[in-house]
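**Q** Residues per chain are reported as follows:
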Amino acid sequence: AQSVSQHNHHVILSEAASLELGCNYSYGGTVNLFWYVQYPGQHLQLLLKYFSGDPLVKGIKGFEAEFIKSKFSFNLRKPSVQWSDTAEYFCAVNARDTGTASKLTFGTGTRLQVTL
Amino acid sequence: SQTIHQWPATLVQPVGSPLSLECTVEGTSNPNLYWYRQAAGRGLQLLFYSVGIGQISSEVPQNLSASRPQDRQFILSSKKLLLSDSGFYLCAWSAWGLAGGETQYFGPGTRLLVL
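Which chain is which? The protein sequence lines are A and B, in order. For the first sequence, our numbering begins at 110 and goes up steadily by one. For the second sequence, our numbering begins at 3 and goes up steadily by one.
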């Protein structure tokens, strides 16, 4: 079974600082990778995803993530955070050979707090 | 466009009482449907998924059950709630994209407190 680790549980940044949130997974096969975000009081939303191709993927709101297969990592980055990026961020993985359903395994999440 | 609804939004129930949480999806047909639970300070844990009417797969043994009586309706139930059933329950549906992968989209969730 796969597992996902998000090492940063709580991150506090000032506006305009750069962001990198770590995500590592363990699974020997081919995976699809996702970052979801949950803003205060809102639904869990998809930020970006990687299925195949260019390992550097761009998502909404200026976020990007890089899949490094050799490191089993899919770190999330943003060059300059805004106060509105305050939210909880979840990394998720599903094994591509799970048949007819996509069973996501989530990390425990990283709470990002951006201060003015 | 597709939308996903969950109700109720919040629920406070006594230990031993029954539970029924409902999830419905609009704007798509024959979606895969999922139930997750998020306990405080933890990530989301997949509880059940369904690839079609009447087809339910359970990921973890527990006090809960799921049913899919209609194509776009997914119900999470319990006959007798336990304190440990407290948490945030999220329903999701999934769609296959042009890139060949499946993406899940989440509902607003139900916060359940068992006292």
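Simulated from the structure, these hints should not be mistaken for laboratory data. Glycine is no exception: its CB is placed at the ideal position from the N, C-alpha and C atoms. There's no promise every hint is true.
[Stated by the list, open to error] Computed beta-carbon distance windows for the label pairs: (1) B/Leu-85 / A/Gln-151: 25 to 31 Å; (2) A/Leu-225 / B/Pro-20: 46 to 52 Å; (3) B/Pro-110 / A/Gln-191: 22 to 28 Å.
[As the list claims (entries may be wrong)] Output of the computed footprint for chain B on chain A, the stretches with three or more beta carbons under 8 Å from beta carbons of chain B: (4) 131-140; (5) 169-178; (6) 185-195.
**Q** Now, for every hint given, state plainly whether the structure supports it.
**A** Now for the hints, and whether the structure bears them out:
| no. | hint | in the structure |
| --- | --- | --- |
| 1 | B/Leu-85 / A/Gln-151: 25 to 31 Å | 28 Å, holds |
| 2 | A/Leu-225 / B/Pro-20: 46 to 52 Å | 47 Å, holds |
| 3 | B/Pro-110 / A/Gln-191: 22 to 28 Å | 24 Å, holds |
| 4 | 131-140 | violated (count 0) |
| 5 | 169-178 | violated (count 0) |
| 6 | 185-195 | violated (count 0) |
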